[in-house]
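K.L.:
Based on the hints, put chains B and X in the right spot on chain Z.
Residue numbers (numbering that gives the first Met the number 0), protein chains in the order written: chain Z, 0 to 361; chain B, 0 to 395; chain X, 0 to 534.
The set of hints was computed from the structure by calculation and includes no laboratory data.
There may be inaccurate statements among the hints.
[Said to hold, decoys possible] Some but not every residue of chain X turned toward chain Z, in silico, with C-beta under 7 Å:
1. T306
2. A307
3. Q500
[Said to hold, decoys possible] Listed next, with one range per pair, are the computed distances between beta-carbon atoms:
4. X:K201 - Z:E34: 58 to 66 Å
5. Z:E34 - B:F125: 28 to 36 Å
6. Z:D139 - X:D136: 31 to 39 Å
7. X:C193 - B:L286: 27 to 35 Å
8. Z:G281 - B:I275: 45 to 53 Å
9. X:Q117 - Z:D218: 48 to 56 Å
10. X:R491 - Z:D139: 31 to 39 Å
11. B:I275 - Z:D74: 27 to 35 Å
12. Z:D74 - X:H302: 50 to 58 Å
[Claimed, not checked] Here are some chain Z residues the structure puts well away from chain X; computed CB gaps all over 10 Å:
13. E34
14. N93
15. E164
16. P165
17. Q211
18. F316
Computed from a predicted model, the values in this text were never measured in an experiment.
Using N, Cα and C, we set each Cβ at its ideal position, and we do this for glycine too.
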Amino acid sequence: MTISRRRFLGWVGGAAGAGMAVGHRARAATTHEFEGYPDAMGVLFDNHRCIGCRRCEAACNRVNDLPAPDQPFDDLKVLEKQRRTDYRSFTVVNQYANGGQPEAPVFRKIQCNHCKEPACASACFVGAFTKTPSGAVTYDASVCVGCRYCMIACPFEIPAYEYDEPLTPRVRKCTMCHPRISKGQLPGCVEVCPTESLLFGKREDLIAIARQRIRNHPDRYVDHIYGEHEMGGTNWLYLSKAPFHEVGMREDLGTTPAPALTAPALGAVPIIVGLWPVLLTGIYAINRRKEKIARSEQEAAVAEAVEQTKANAADKFALAMAKAEQDKTETVEREVKKALEEAAKEQEAGDDATPQSEEDLS
Amino acid sequence: MTDSGNHAENSGNSENSVLTPFNMVAGMILIVGIVVTILRFTKGLGSVTNLSDYNPWGIWIGFDLLVGVALAAGGYVTSAAVYIFGMKRYHSAVRPAVLTGFLGYALVVVALHYDVGRPWRLPYPFIIQQGTTSVLFEVGACVALYLSVLFLEYSPAALEWLGLKRARNLAVKLTLVLTIFGVVLSTLHQSSLGALFLIAPSKLHPLWYSSYIPIYFFVTSIIAGLSMVIFESTLSHRYFHDKMDATHLEENPHVTLGFGKAASLILAGYFIIKVIGLAADNNWHYLGTGYGAWYLVEMLGFVALPALMYAVGVREKNLGIIRGTAAWTVLGIVVNRFNIGLIAFNYHLPKSERYFPHWMEIAISLFVVTVGVLVFRFIVTRMPIFYEHPDYEDSH
Amino acid sequence: MEKGATPKVVGGFLLIVALALLLGNQVLDVSDAAVAEIQPRADVLAIDAMGVFGPLERPPVTFLHSRHSEVLAKAGKDCQTCHLKEKDRLSMRYMRLSDGSRQEVMDAYHTNCIHCHQSMAAGGQASGPTTCNVCHDSNSMVRSVRQPFGMDLSLHYRHIKSQGQKCETCHHQYDREQGKLVYVKGQEGSCRYCHKEVTEGKALSLREAFHQACISCHQQAVAQHKTAGPVDCLGCHEAGAQAEIARLDEFPRLERNQPDVVLVKATLKTTAFGNPGTMATKRVPFNHKAHEQYNGNCRTCHHADLTACVNCHTVEGSPAGNFVRIEQAMHQITSDKSCVGCHAEKQADPKCAGCHDLMPYQPSAETAACKQCHAEVGQGARDSMDPEQAAQLAQYFLDSRQPVKTTYFDSDLPEKVTINGIQKEYGAVILPHARIVKSLMDQLAGNQLAAHFHSDPGTLCQGCHHNSPPSKKPPLCISCHGAASSTHHPGRPGITGAYHQQCNTCHQAMGITKVDSRDCSACHQSGQDAKPSSS
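Chain Z with its partners taken away, still in its complex shape:
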C-alpha cells in the first residue's frame, strides 16, 4: 500500500497533537525528590524506655486477629533467641546484650519501618503496596500474585509470607494499624506500651522530639535518629542507648531510596525501544544494500566477462572470415591463372592446326 508523503506527515502531526492534548506533564523519574506527604504520621521508638515486656506483640496480635503464637506473650524466655517477623507476627521484640551495662540488656522492636519511599511498593509489579498519605504502607491482598519480589527488595527484611497456604497465601507485615489511625486511634502497639517507648505523631514532630531528647540526655542516647535518612527516610524512627549495629540494625544501608536504585535501569527501557529498531533496521538495510551491491557487482562482472568472450569470439570469427575470404580470392586467382595458363597452352597447341572455325579466331 503506498501512501503519499503529504498524507503521512499529516497523520504524524495529528497524532502528535492528540498526544500532547492528553499527555501529562513530563517528569524525570530519577531526579525527582519526594519530600514525603506533609501530614504523614510516624512512630518513634525509644529503646532506653523499652523494658522488653512484649505487650506490644500481644496487642498487635489481638488487633490484627493473628493466629496464636507457640509461646504466650508473657513468656520472656523467648527473648533469649533472636527472632524475626513471620506470617503470624507483625512485630517482635528482640533482646541484645548491652556492652556498657551487661545487667541492663537493650531491647528492639522490629516491624515494618513504613519507608517514605518503600522498596516493596517500588518492587511490586501489581502495585499491591501503597504509601498512604497517613504515612502507613499498606498491602492489598486482592491483587497480590505472590511473586515475593517485595521480600527480596525490603532492606530491613520485614515482609513475611504464608508459605503454608496452598491457594490464598498473603504477604504479611505491620500496617501501622492504618484502619485505626484513619479513625484517629493509636496503633495497637503504641497504645498498650506501659512505658511509652512508642510515640505516635507527625513524622516531623517526632524528629524534633527525638532531637530534643538527645539534647536533654546526651549521655543516654547515641546521637543519631535511625530512620531519619536511612533508605531515603522511614516513618518509624528509633532512638537507642546502644550503638545501632549492636541492636541488630544495619548501619550500612545508605540513604538512597530504593526506587532510585532501579530508576536508571527502567529509564533505559524507552530508549532501547526507540533506538534498537532503528539500529537493527539500519544494520539490516546496510546488509541488504551490501548484498545488493555485491550481487550487482557480480552481475556486472559476469556480463563483462560474457561481453569479453563474445568480443573475442567475434574478432576471431572476423579474422577467420577475412582469412577465408582471402583464401578464396587467392584460390580464385590461382585457378583463374591456372585456367588462363591452360588456355594459353591450348592456344599454342591450336596454332599449329587449321582454324576450325571463325570462332576460333575471335
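P.N.:
Just chains B and X now, with coordinates in the frame of chain Z:
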C-alpha cells in the same frame, strides 16, 4: 515371511518399544513431578520447598527462571545473525534455535506457575493493575510479548507440518519484523532480570552487585545463546542425526566455528567489563576473601577459560574443543545465575538462615526440563526443524 | 573430539570442580559471627615500633607482656632479659636503647623474639610463634582491658613516707636555659603537666615517663628486698589489682601552700566595658580545703598547673587558657574539670541517679542553683580587697551556709499513696511513700553536695514531684499527664508512661533489682486481669 529380528521376547530391545532407558527415567521424573505438583497446590509452598522469609526465591527462580531465560537466548541471537546481520550460512541453525528458545520460555512460564503464590493471577499486572515502577513488571511484559514472538517465529515449522500453506506463508513474511522485535524485547528482559537485583544492594555481595548488572546479564545472555545453540546441536546430532538434511549437516561446522568465534570475542569483552566494574567500585580487597576466591573461580574458570578455549578451537578448526567449551560455558551461565540469585545473595546472613533447595524443588526443576526435552523430541521428530519441508524448499 | 583430549578435558574439569569446592567451602562458611573466646587482658601491647619509619607493612603484633614476664620470672630471669639498662634506668624499648634504622629495629625483634621462642620450643616448652603470620595477625583473640592508672592522694602519701619526704626523688622541672632537669621546692606539680599522651620533644610521653620512673624505682626496691609497688603491667593496669592497692583512710593534708578558702573572682583585663578591674560577676566563696578530698587528686581541677583557675581562664578568654572563658571553665556541664561538670558527674552515682537521671542535661536558666554558689557580695568587696580579707570574707560566707539535711516532717508526708487513677487491666499500686522518702534520706546522709544544693526541704520531693515548686502538697500527677502522650506536649508522657518511666528509670539507675520492671504484680495489686510474669 521373514522374522525381522528379536522383537517378540524382550520388548526392551525392540525398535518400536517405548520403554527405552531414557524414556523410563523420563517417565519416573514425570511421575514424581506430577505428585509434587499435586502436593504443591494442596499443601502450599512450605511443604515442597525450603523457602523462608529470608529466602523468598529459590531454585525455581534461580534456575528455572534466571538460567532458563538466559539459555533460551539462542533464539534471538541466531535469528538476528541470520536475518539482520545477513549471515546466511547459519540459516539451518535458526529453526532449532528458535524452537529451543520457544520451549525454554514456555517452560519458564510453567515453572513460574509453581513458584508464584497465586499463579492464576499472573495476568493481573496486565489487566488489573500495573506496577510500572517495578522492574519485574517490565520483565513480565517483555517475556509475555517475547513468548508470543517466539511462538510466531516457530509457527512456520508447525504450519508446514499441518499443511496450512497460506498461514505458513504469512508467518514467514513476518520474520524480519519479529526478529527485530525479538531483539528489542530480549535486550529489555535479559537485562532486566539482572536489574531485579539492583533494588537490594544490601543483600548481594559487593563482588556481584554493580550498577552494571543489567549490562552483564544482557551480554551473558548472548554468550549463553551462542553456546546453547552449539550445545544443543551437538546433542541433536547425536540423537536426531537421521532427521537432518544435507544443508543442515553441511552448515553445522560453519555454525559451530562461527558461533564459537563470536562467543570467544564476547566472553573476552565480558571479562573486561567485569574488571571495569570491579575497578569502578573499588572492590579489589574482596578478592582476598572466601567469596573472592569463588568469584575468581567464576571469572577465571568460567569466563576467561572458555574465551581462550573457544579461540583455540576456532584457530585449530577443532570442532570438538568448541563443543566441549560450549557445554562448559552453559555450566558457567548456571554458575553465574546461581551466584547472583542464591549464593552471593543473603551473604550477610548466618549459616542457619541460608538456603539449600528441598529435593522436591529439584524434582520440579528436573520435571520441567524433562518435559522440555520430551516436547523438543516430539517436535523435531515430526516437524521440519532439522530439515526443509519438501513443499517449501525454495521459499525462504 | 581429537584423540586423547577427553581425559585432559575431564581432568581439567575435575580440577576446577575440586578447586571450587575447596574454596567455595569458605563461601558458605559465613560468619556465624564466630566469636571464639576473646580473652580480656590488661597487658596487651601492640608492637608497632616500625611505625616511626613510615606506614606499617604488616599488622602490629599483639604482645602479652605479663605472660612473658611471668614465664621469665619462673625461669629465674628478670627484666633485663629484654630491657637494656641505660644509666641506672631500664630502656622501655625492646633490646635496644634507641630506634636506629629500619633494619636494626626489625632485626631486634625478629632475631631475639624468634630465637627465644625457638630455643624454648626446642627445650620442650610451650612457646610463642616463629612464623610471620601468627605474630602479625590482625585478628588476635585478645581484648585489652587495660585500665589507666594514676596517683591519688593516698598513694602519694605512701610514697612520701617511703621516700622520707624527699620530693626531689620524683618531682622535677625542665630548665630550658640549663638544658636539664632541676628540682625547685614549692613548685612540685603533677607529672602530667609536662608529660602528655605522646612524647613531645624532650618531654617523654606519660607512659614512658611513668614506666621509666616508677618501675625502675620499684625494681630497685625489690632488688633490695624491700616492699615496693608493682613491676609488671597487671600490677597497675588490671582492674582487680588496682582495687587491691592499699588505701589509707586518713593521711595528712598534702601541703603545697594552698589556701583553705577562696573568694573566687573574675576580672576583666581590658577596658572595653568600662573601668579596668570592674567586677564582672558575683564572687564565689569556695571551700578549697574540703574540695581537696573530693577527687583524690589535685590534677582533676588543676589540669594544667597548680595555680588559680582565673590566671588562665579570663572573662574574654586568653591563649593561655586555650580561649576557654572563665564562664565555660566553671560551668561547662560536659567537662570533668568544671565545677558544674564535676557536680553533674556526682549526680550519676546510683544514690543520686534515681532522680537526677530523669532530669534534662541542660540546667534551666532560672534555676535556683546559681545562688548556691554565687554570693551577694557588697559593693565594698571589689578588687581593692587583699587576699587575706577576701579569705576572711569567703570563710564568713561558708560558715553562714545552711545545708538542708532534712525534708518535711514525717507527719506532713503520707505513709502510703494509692495510685488508682486509670485502673484497667491491673490493680492499683499502693506506693510505700514514707519508706521511699526515708530510704532516700538515709542514702543522702552525709552527702555534702546534696545538702548544699537541696536548698529547700521540698527539693528532694521534686525528684518525683517535678516541674512544680517544692511544696508539702504537690499537684497530682494526672493534673499534667493526660491519658496518652501527644506531640503537642513533646517530652510529656501520658499518665501510664509517666508512672512507668519514672519508677523504672529510678529503679534502674539506683540499681534496685528487687523490683523487676516486667513483673507487674511486684507493684500492682491483683486487678481483674493481673497477670504474674512467668520469667
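K.L.:
So, against the hints stated earlier in the document, which numbers end up violated here?
P.N.:
1, 2, 6, 7, 8, 11, 17
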